[in-house]
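There are 2 protein chains.
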Amino acid sequence: MSQPIRVAILGYGNLGRGVEAAIQKNKDMELVAIFSRRDPSSFTQQVSAPFVHVSELDAYQDKVDVLVLCGGSATDLPEQTPQYVQQFVVVDSFDTHAKVPEHFAAVDAAAKANNSLGVIATGWDPGLFSLNRVLGESVLPQGDTYTFWGKGLSQGHSDAVRRVPGVAAGVQYTLPNEASVEQVRQGERPELSTREKHVRECYVVLEEGADEATVREAIVTMPHYFEPFDTTVHFISQEELEREHSAMPHGGVVLRSGETEENNKQVVEFGLRLGSNPEFTGSVLVAYARAAHRLFQAGERGAKTVFDIPIGLLSPYSPEELRAGQL
Amino acid sequence: MSQPIRVAILGYGNLGRGVEAAIQKNKDMELVAIFSRRDPSSFTQQVSAPFVHVSELDAYQDKVDVLVLCGGSATDLPEQTPQYVQQFVVVDSFDTHAKVPEHFAAVDAAAKANNSLGVIATGWDPGLFSLNRVLGESVLPQGDTYTFWGKGLSQGHSDAVRRVPGVAAGVQYTLPNEASVEQVRQGERPELSTREKHVRECYVVLEEGADEATVREAIVTMPHYFEPFDTTVHFISQEELEREHSAMPHGGVVLRSGETEENNKQVVEFGLRLGSNPEFTGSVLVAYARAAHRLFQAGERGAKTVFDIPIGLLSPYSPEELRAGQL
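Chains as they are written, first to last, in the working numbering: chain A, 8 to 334; chain B, 8 to 334.
In isolation and in its complexed conformation, chain A is listed as follows (with noise of 0.2 Å):
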């Protein structure tokens, strides 16, 4: 750990303030610049980097180690990843599921063709969720596997609810049925419906003169939504909403549930609370940013994906005290 791993970050968002939070808890790192398309002098926030334009990236090529890119995953991603790793090792946290394979061909070709490394969808689903269903398929071939989400904040279906008429403002939380987790938990392998699987909550602050019984009704029947779901809605003051709704909690559980003998069932489960999801995700980035930089210093090149690397490249520790100490 003598020279501090360099970082930048590109957008500054939710995501990259998470970034930026969690290189202040990493040692072992230096945040040299935050990148941005804005006009660096309307930034008025207190950070502990310089503001950039995104314009002079050019110049940074040799005081960046790791280049961590926090844009979004439907415009911003597919055309940063690509052309950054042109000229530094990076990492995303793409989350277009589908999309994956079609953006690993691009970053791995654009790496390559440059010599250079970006580490792609990390995060936590994708990402350690991922990894954690890679591994309980791994270790129990025969068995199933179940993702539940929540307790999060969904920014689809909130933006839902407060579109109803009568909707002053408003949030909506994804909560995992936990009966359905019980079950599971306990070795059980049911096939679960839709409205099994999660439940959905709702604080709603009200206009003026509005009425709670429609309101609530054309919130619980909304198709695709809110209809395959078992909805309760909560009437709240606009105080309340500010005071205990502000957060963005999210979080979840990845169960393998399996068989190794006729009547032995074995049961992995991999669950995270998280009291902020944009903050949790930039430390996962940061995290694989450290791989990242440890990859491309072995040699390696191209995209790569959570799958791809070694967990103790994560930690700040060398091999021998990660073995002395955590085996």
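Honestly, the hints are just simulated from the structure, not real lab data. Don't take every hint at face value.
[As the list claims (entries may be wrong)] Straight-line C-alpha distance at most 25 Å; calculated DMTMM-like pairs for lysine to aspartate or glutamate:
(1) B:K34 / A:D46
(2) B:K119 / A:E327
(3) B:K34 / A:E269
(4) B:K106 / A:E328
(5) A:K272 / B:E86
(6) A:K272 / B:E208
(7) B:K34 / A:D151
(8) B:K158 / A:E195
(9) B:K158 / B:E249
[Stated by the list, open to error] Chain A side only, calculated, beta carbon under 7 Å to chain B, not exhaustive:
(10) L64
(11) S145
(12) N271
(13) F277
(14) E286
(15) S290
(16) D315
(17) G319
(18) A331
[Said to hold, decoys possible] Label-pair restraints from in silico Cβ distances:
(19) A:E249 / B:D35: 52 to 58 Å
(20) A:K158 / B:Q90: 35 to 41 Å
(21) B:E203 / A:D35: 30 to 36 Å
Think of the CB as a built atom: it goes at the ideal place given N, C-alpha and C, for glycine as much as any other residue.
Here the structure of chain A is known, so what remains is to put chain B in place on it, guided by the hints.
The following block gives chain B in isolation, referenced to the frame of chain A:
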């Protein structure tokens, strides 16, 4: 998956049988032989491969891709792993935590001198629990790690119960203290005493004429074994003992509780509920046998631990298949 991976087992106790069962569930593997120090003619069980005396191992050097060592950590593995890695790619479940560095050094030297590879200390603790401790500490550098074991049958404590005068037969289970686990799950970071971490439960068959109260008192006050814990003693019949308590369940949970910013608690949890401890450990050994074979084929040499091995190598699927299906 054209050529099956040819696996052999050395040692045929509970763990060896667990490995045998696991190989049958992995279609890309083939069990070549089961080696034992016992006289093969003394084996009467139905098994899925020939029994061979350990003295004939030499003749199998070209017929076996991975030798899975199923001996004990006290006396077998410290000798066997450095010895057999000279001729075979090996995997073991060495579990004397404090002696891992010494064992690693011996296996590493023998493997490198003979152009071979050995994966040591797989299984679940050390093994999957170790992986999750390092993962948790890497993504949440500021926090505390908790390991709770159970519900699990403890051989040493069962023996202690059976030595109490008046006890005809019995078993002991270690269980996590559920209130403490729940406290950690909720993001608190308590300092837990021994009593607060685990509880002990005994199922005892009394000898004819023995007194329940006397036996209970002798158990719960036994220094070191039971006195530091809250211990419950159940008296049951020999028939119930055989019917309900002949399995070898185990498991436990590793929790990392950390903070990313002042008020944001983040909890990562990995848990196992195992109907059969040796069969699950055997399943983990077999997944790491696959990884060992692939690492060796890719040119890796020396000793490896779970920290050095990408999770993707445990899976029978290719990197392309994993990216398309699991990310």
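Tested hints:
A C-alpha spacing of about 58 Å is found between K34 (chain B) and D46 (chain A), which places the hinted pair above 25 Å, so the restraint is violated. With a CA separation close to 17 Å, the supplied pair K119 (chain B) and E327 (chain A) stays within the 25 Å bound. Straight-line distance between C-alpha atoms of K34 (chain B) and E269 (chain A) comes to about 18 Å, which keeps the hinted pair within the 25 Å bound. Distance check on the hinted pair: K106 (chain B) and E328 (chain A) sit about 13 Å apart at the alpha-carbon level, within 25 Å; holds.
The straight-line distance between the Cα atoms of K272 (chain A) and E86 (chain B) is roughly 33 Å, outside the 25 Å bound, and the hint therefore fails. About 21 Å separates the Cα atoms of K272 (chain A) and E208 (chain B), which keeps this hinted pair within 25 Å; it holds. Proposed proximity of K34 (chain B) and D151 (chain A) is supported: the alpha carbons are some 17 Å apart, at most 25 Å. A threshold of 25 Å between alpha carbons decides the hint, and for K158 (chain B) with E195 (chain A) the separation of about 18 Å falls inside it, so the pair holds.
For the given pair, K158 (chain B) sits about 18 Å from E249 (chain B) by alpha-carbon distance, which is consistent with the 25 Å threshold. Of the supplied interface hints, the one on L64 (chain A) is violated, with its beta-carbon coming no nearer than about 27 Å to a beta-carbon of chain B, more than 7 Å. The beta carbon of S145 (chain A) comes within 4 Å of a beta carbon in chain B, closer than 7 Å, and the hint placing it at the interface holds. Annotation: N271 (chain A) was flagged as interfacial toward chain B, and the flag holds, the nearest CB pair being 4 Å apart, inside 7 Å.
Proximity of F277 (chain A) to chain B holds as hinted, the smallest CB-CB distance being about 5 Å (cut-off 7 Å). For E286 (chain A), the shortest C-beta to C-beta distance to chain B is roughly 4 Å, which falls under 7 Å, so the interface hint holds. Contact between S290 (chain A) and chain B, as hinted, is supported at the beta carbon level, the nearest pair being about 5 Å apart and thus within 7 Å. Nearest Cβ of chain B to the Cβ of D315 (chain A): about 5 Å, under the 7 Å cut. The hint holds.
Hint status for G319 (chain A): holds, given a least beta-carbon distance of 3 Å to chain B, under 7 Å. Hint status for A331 (chain A) relative to chain B: holds, with the closest Cβ pair at about 5 Å, below 7 Å. Take E249 (chain A) and D35 (chain B): their Cβ atoms lie about 56 Å apart, and the range 52 to 58 Å holds. About 52 Å separates the C-beta atoms of K158 (chain A) and Q90 (chain B), a value inconsistent with the hinted range of 35 to 41 Å.
The hint said 30 to 36 Å for the Cβ distance between E203 (chain B) and D35 (chain A), and at roughly 34 Å that hint holds.
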